[in-house]
Amino acid sequence: MKSQSTQDIAVVFEQVTRAFGEVKAVDNVDLQIRDGEFFTMLGPSGSGKTTCLRMVAGFDRPTAGEIYLHGVKVTTLPPYERDVNTVFQDYALFPHMTVGENIAYGPMIKKMPKAERQQRVNEMLDLVRLPGYGARKPSQLSGGQRQRVALARALINHPRVLLLDEPLGALDLKLRQEMQIELKNLQQRLGITFVFVTHDQEEALSMSDRIAVFNQGKIEQIGTPAQMYEQPATPFVANFVGTSNMVKGELAKQLTGVDQLYAVRPEKIHLGVLTAPPQPDSYAVAGNVLDVVYLGLYTRYLVQLDTGDLMAVVQQNLETAAVDVHAARGQRVQLQWSRNSMLKLGAK
Amino acid sequence: MAATTLSGKTRRPWGLILASTLVLLFLHIPIWVIFLYTFTTDATTFTFPPPGLTTHWWGAALRRTDFWAALWLSIQVASIATAIALVLGTLAAAAVHRSRFFGREVVSLMLLLPLALPGIVTGIALRSTISMYGIPFSFWTIVIGHATFCVVTVYNNALARFRRTGWSQVEASMDLGANGFTTFRHILLPVLGSAMLAGGILAFALSFDEIIVTTFTAGQQQTLPIWIFSQLFRPRDRPITNVVAFFVIIITAFPILFAHRLGARADEHVGGAR
Chain A
1 MKSQSTQDIA VVFEQVTRAF GEVKAVDNVD LQIRDGEFFT MLGPSGSGKT TCLRMVAGFD
61 RPTAGEIYLH GVKVTTLPPY ERDVNTVFQD YALFPHMTVG ENIAYGPMIK KMPKAERQQR
121 VNEMLDLVRL PGYGARKPSQ LSGGQRQRVA LARALINHPR VLLLDEPLGA LDLKLRQEMQ
181 IELKNLQQRL GITFVFVTHD QEEALSMSDR IAVFNQGKIE QIGTPAQMYE QPATPFVANF
241 VGTSNMVKGE LAKQLTGVDQ LYAVRPEKIH LGVLTAPPQP DSYAVAGNVL DVVYLGLYTR
301 YLVQLDTGDL MAVVQQNLET AAVDVHAARG QRVQLQWSRN SMLKLGAK
Chain B
1001 MAATTLSGKT RRPWGLILAS TLVLLFLHIP IWVIFLYTFT TDATTFTFPP PGLTTHWWGA
1061 ALRRTDFWAA LWLSIQVASI ATAIALVLGT LAAAAVHRSR FFGREVVSLM LLLPLALPGI
1121 VTGIALRSTI SMYGIPFSFW TIVIGHATFC VVTVYNNALA RFRRTGWSQV EASMDLGANG
1181 FTTFRHILLP VLGSAMLAGG ILAFALSFDE IIVTTFTAGQ QQTLPIWIFS QLFRPRDRPI
1241 TNVVAFFVII ITAFPILFAH RLGARADEHV GGAR
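Protein chains in written order, with this note's numbering: chain A, 1 to 348; chain B, 1001 to 1274.
Certain hints may be false.
Distance windows between CB atoms, simulated [stated by the list, open to error]:
id: 1; chain 1: B; residue 1: P1136; chain 2: A; residue 2: A19; range: 47 to 57 Å
id: 2; chain 1: B; residue 1: G1193; chain 2: A; residue 2: A19; range: 53 to 63 Å
id: 3; chain 1: B; residue 1: P1190; chain 2: A; residue 2: D83; range: 22 to 32 Å
id: 4; chain 1: B; residue 1: V1106; chain 2: A; residue 2: Q188; range: 45 to 55 Å
id: 5; chain 1: A; residue 1: A19; chain 2: B; residue 2: G1134; range: 45 to 55 Å
id: 6; chain 1: A; residue 1: E37; chain 2: B; residue 2: P1190; range: 55 to 65 Å
id: 7; chain 1: A; residue 1: R61; chain 2: B; residue 2: P1190; range: 46 to 56 Å
id: 8; chain 1: B; residue 1: W1032; chain 2: A; residue 2: A135; range: 29 to 39 Å
Chain A residues, not near chain B, derived (Cβ > 10 Å throughout) [claimed, not checked]:
id: 9; residue: D90
id: 10; residue: E178
id: 11; residue: G257
id: 12; residue: K268
id: 13; residue: Q316
id: 14; residue: G346
Just so you know, the hints here were simulated from the structure itself, not pulled from any lab data. Being a predicted model, the structure only gives us computed values, none of them experimental. From the three backbone atoms N, C-alpha and C, an ideal C-beta is built for every residue, glycine too.
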């Protein structure tokens, strides 16, 4: 039934629902993941992103709907009959096997001759930059090294789709940032589809070609990282991907004439003295600075508007005069932002 | 064993050492008494010290055909009960660990109960049930009786291992192309193997010296503990009983030691990999 573009689409969800009793972990999700893209499922815990990944892998089955992999319906196929491999959150390395045996597990199951298997294992160890580690036990490796072994084990069968379930969650910040770059490079080099699950919006923004934001079993929005940030479609996305000031009620009416819901990013607001000349095509409001937090690269101001609304404003510290930023506390200021950066959000 | 005082010096807690020594002696002296009295020349009473030493009773015991028959029966019963326990205990542990079904906690409790229940209750319950259905008491009724509490030891060991292992290894194996059976062979069995062995050995030891449940579920058969018990009413050959008792100690003690070490080592192994 998938006709013309079958070969360009790696994964398709067709009205997929997964219910656990009364609770719908995944609620009527439609989704298309393109072949060769780095696709991220982003959302808080319990939003259904991991359940979706598990249904692609075959560990879980939808209660309704269909899943296709490269045009083939796989909804009820067991994991071992699907051309996808998974990197698990806890790595799931086999503790009774060496690193080499762990990586060779897939080819061994597929009865690949031993010499060829060994050669592939060595290739994989080189790929994840762990040459010579084949004889060690997983228990002798650090967290980052185990992560690489898990990656090598999942890639050795040359899957067309690689699923990654919060693979960087257990690593410390520095290592995590290194692995982000490494994963992205790997994906581009291999040219295969990565489906990446995370709750870390920064990670999602920096690595992905496209992101799907999950909330309560549904997809809120799908788009590129820039679209997610610059044009969030719903209040949830506006606040889960970065932070936003919500403009609604009286304030919205005062500025635009309609009581609608809008979002403004803190860094798009200019903070200035009351007498600052109005910019063209901008909104301007007055308020009092409640709090100032100096953060080195930038300073964060909390401003209470005369309407009572609170707004966060972020200003880059471009001048050395920033030494005195705290003097702004308690001052009356004017906030201005361009009409373009006031984003109308869908009703939700 | 050393307590650290405020000054940083360590002081030996003599009271504690004395108490533990006494408890250990209290537990172990009777065993060595039995060993000593396998060599006594006095056939009917326990006089201390033994009036003389002889190896006569060892020879006499080993020549008794009823002893060998009882030993063989006990080994058979223990082996089959253990085999049943291994299959049922592991499967039950997998089910309880893996799935969330209605009555799961009840099943778990019901599996553990036979170990907690007094043997006499299990025995009476089994006896009345078996008679109610008109099943003749036989070798197999003994095996079933023993299996009820043997399942627990395997179940407990396997469940503990499942909890520590995490199901994701099984999923990883299937993800890499292995079906259920291959996954069991390559992943579950090696991971569960030592837990199953430890549980199995404990089950064997439990069954081997069981007497209460056996009394209620046996027909004319005499397992080794029952044989020993019946010997107590024949005071002439008391040292023979001692020899046999010592046999039982050896046969059960070593497997338990082995199981204990196996469990400890496997824990390090599994724990270290996470």
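To see whether the hints hold, each was checked on the structure:
{"no.": "1", "hint": "B:P1136 x A:A19: 47 to 57 Å", "verdict": "holds, 52 Å"}
{"no.": "2", "hint": "B:G1193 x A:A19: 53 to 63 Å", "verdict": "violated, 37 Å"}
{"no.": "3", "hint": "B:P1190 x A:D83: 22 to 32 Å", "verdict": "holds, 27 Å"}
{"no.": "4", "hint": "B:V1106 x A:Q188: 45 to 55 Å", "verdict": "holds, 54 Å"}
{"no.": "5", "hint": "A:A19 x B:G1134: 45 to 55 Å", "verdict": "holds, 49 Å"}
{"no.": "6", "hint": "A:E37 x B:P1190: 55 to 65 Å", "verdict": "violated, 38 Å"}
{"no.": "7", "hint": "A:R61 x B:P1190: 46 to 56 Å", "verdict": "violated, 28 Å"}
{"no.": "8", "hint": "B:W1032 x A:A135: 29 to 39 Å", "verdict": "violated, 48 Å"}
{"no.": "9", "hint": "D90", "verdict": "violated, 6 Å"}
{"no.": "10", "hint": "E178", "verdict": "holds, 23 Å"}
{"no.": "11", "hint": "G257", "verdict": "holds, 54 Å"}
{"no.": "12", "hint": "K268", "verdict": "holds, 43 Å"}
{"no.": "13", "hint": "Q316", "verdict": "holds, 44 Å"}
{"no.": "14", "hint": "G346", "verdict": "holds, 37 Å"}
In this structure, the earlier hints numbered 2, 6, 7, 8, 9 are contradicted, and the remaining ones agree with it.
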